[in-house]
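There are 2 protein chains.
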Amino acid sequence: MTSRHATAPTQFVESSGIRFAFRRFGREDGTPLLFMQHFRGGMDHWDPAVIDGLAENRPVILFDNAGVASSSGQTPDTIDEMAEHAADFIQALGLSKVDLLGFSIGGYIAQALTIWRPELIRRLVLVGTGPRAGEPPQDPNYAKYGGLTDPKTGQNPLEAFLYMFFSPSDTSQSAAKTFWARRHARTHDVDVSESPQTIAAQRAAITEWRQLRGERFAELKSITQPTLVVNGINDIVVPTVNSFTLSQKIPNAQLIIYPDSGHGSLFQFPELFVAHANIFLE
Amino acid sequence: MTSRHATAPTQFVESSGIRFAFRRFGREDGTPLLFMQHFRGGMDHWDPAVIDGLAENRPVILFDNAGVASSSGQTPDTIDEMAEHAADFIQALGLSKVDLLGFSIGGYIAQALTIWRPELIRRLVLVGTGPRAGEPPQDPNYAKYGGLTDPKTGQNPLEAFLYMFFSPSDTSQSAAKTFWARRHARTHDVDVSESPQTIAAQRAAITEWRQLRGERFAELKSITQPTLVVNGINDIVVPTVNSFTLSQKIPNAQLIIYPDSGHGSLFQFPELFVAHANIFLE
Chain A
434 MTSRHATAPT QFVESSGIRF AFRRFGREDG TPLLFMQHFR GGMDHWDPAV
484 IDGLAENRPV ILFDNAGVAS SSGQTPDTID EMAEHAADFI QALGLSKVDL
534 LGFSIGGYIA QALTIWRPEL IRRLVLVGTG PRAGEPPQDP NYAKYGGLTD
584 PKTGQNPLEA FLYMFFSPSD TSQSAAKTFW ARRHARTHDV DVSESPQTIA
634 AQRAAITEWR QLRGERFAEL KSITQPTLVV NGINDIVVPT VNSFTLSQKI
684 PNAQLIIYPD SGHGSLFQFP ELFVAHANIF LE
Chain B
434 MTSRHATAPT QFVESSGIRF AFRRFGREDG TPLLFMQHFR GGMDHWDPAV
484 IDGLAENRPV ILFDNAGVAS SSGQTPDTID EMAEHAADFI QALGLSKVDL
534 LGFSIGGYIA QALTIWRPEL IRRLVLVGTG PRAGEPPQDP NYAKYGGLTD
584 PKTGQNPLEA FLYMFFSPSD TSQSAAKTFW ARRHARTHDV DVSESPQTIA
634 AQRAAITEWR QLRGERFAEL KSITQPTLVV NGINDIVVPT VNSFTLSQKI
684 PNAQLIIYPD SGHGSLFQFP ELFVAHANIF LE
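For the record, the sequence lines run as chains A and B. For the first sequence, the working numbering puts the final residue at 715, and the numbers step up evenly by one. For the second sequence, the working numbering puts the final residue at 715, and the numbers step up evenly by one.
Treat the hints loosely; a few may be bogus.
Note: identical chains are not told apart, hence a pair may lie in one copy or across any two.
[Stated by the list, open to error] DSSO-like, lysine-lysine: derived pairs with alpha carbons at most 30 Å apart: (1) K682 x K610; (2) K530 x K585; (3) K610 x K654; (4) K530 x K610; (5) K585 x K654; (6) K682 x K585; (7) K654 x K530; (8) K577 x K610.
Since the hints were derived computationally from the structure, they do not count as laboratory data.
All chains, please: the whole structure from these sequences, using the hints.
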């Protein structure tokens, strides 16, 4: 095992007909921390400052869920099915318990997985995310930027991240560009881009997640794991009020909100986020 | 200088006709952290786990503001006048800049002082507090418990803290009793109790602070200091929504909300609070 993401080889494990791409790095011992990525994102789209920072104290595992980027299969169109694939992946690695960090749609999947298979999860970190039937985004340009694709890379471009993940301030925009440079440091053994099928299925799953199912927020009461909820003060993708709701309805949840930031607060304040997550996970 | 509160002697400094009682301990070097106490509270009412924890990395100063407990003079009946006395005290110690930790009414004074004398303040920690004209408490028993006085000590009794500062859960109530034991570890060179004049004047100042003055929350924009806002998830004394407001309106504010706790969250999670405050102050 390598200690840093830059040199962690992409590996594969097969379960229930899906060949899952993953990378494992960091410490050998301790509860692994499994990362669940945002809309359209794969393993290359985390911030090395965050994943390497957290890998100093524990094993870190990145993966592409079914159909996403380098993993085989179709991306399903519900969060529940995505959580089922994630459980398959965890078990295929032979892990009996993990810590979960879910960001954005990855946070929806992390909640669904924790509620459905609580025995697999020790602690939960939910970043830039919200509950089922939470408050939807109101920003008029949200859908436009989410749908942008750079013809050269086949991926969501910097322009979209500047608008959707960071605040309009000079400080935040400058942090975005620094993040973007860090994110592109790995140039070999990288993911293939997400497919149109993945984008369409993730959109459908997000739409389905916005629908009420039973009593609003009632399922959050069953998350008994210690939970850390994190967001920027003005998230236009998953409005910050959803983070307040998570922290109010999950019985043992701590809430941290960062200033002058949005959806990508963990990429704007990587050292601070790592410090807070380390305190929480230890 | 001693390194711990338990053995820090009460000292006095005079300014503008007030003889201020204070205690200074912890490291010799670094920006001092000045604590501003809650309603009816004096120097003996902090949690040693919090003040000694923070004193490991900086000088810590506790004081009784004008008229409170061991300090001479009358307690004024406005937050602005309390802030003026605090500025006198800081200058009487010959300090050009401090970090401020204001809890509850101490947080009101800390805001007023920071707005009025920004050059004196490096960083600001606001715990269990709220802005001018914030949301008032709705709890029907709030006033009753706040007014209770133990005839033996002349002070607000444990019963009031169990109700007002902690959540009703077994975990929180148990943490309250542990806090109470820590709080009473110092038995020599202690404060005299707060006077009826102080209680009445602080009540009047709190009432005045609830009144609107100019555009609601506009003055918070002028707090440019990095600010850490902390509360429990359900503060019935200064409702938690006020902490959200502070973090939204102060330009560079970070918000941390602790689970299953109330007004006295820093006394329920002293080690966690110290860890978070250390990260913020350093």
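Item to complete: May I ask which of the numbered hints given earlier this structure violates, with the numbers listed in increasing order?
Response: Those not satisfied are hints 2, 4, 5, 6.
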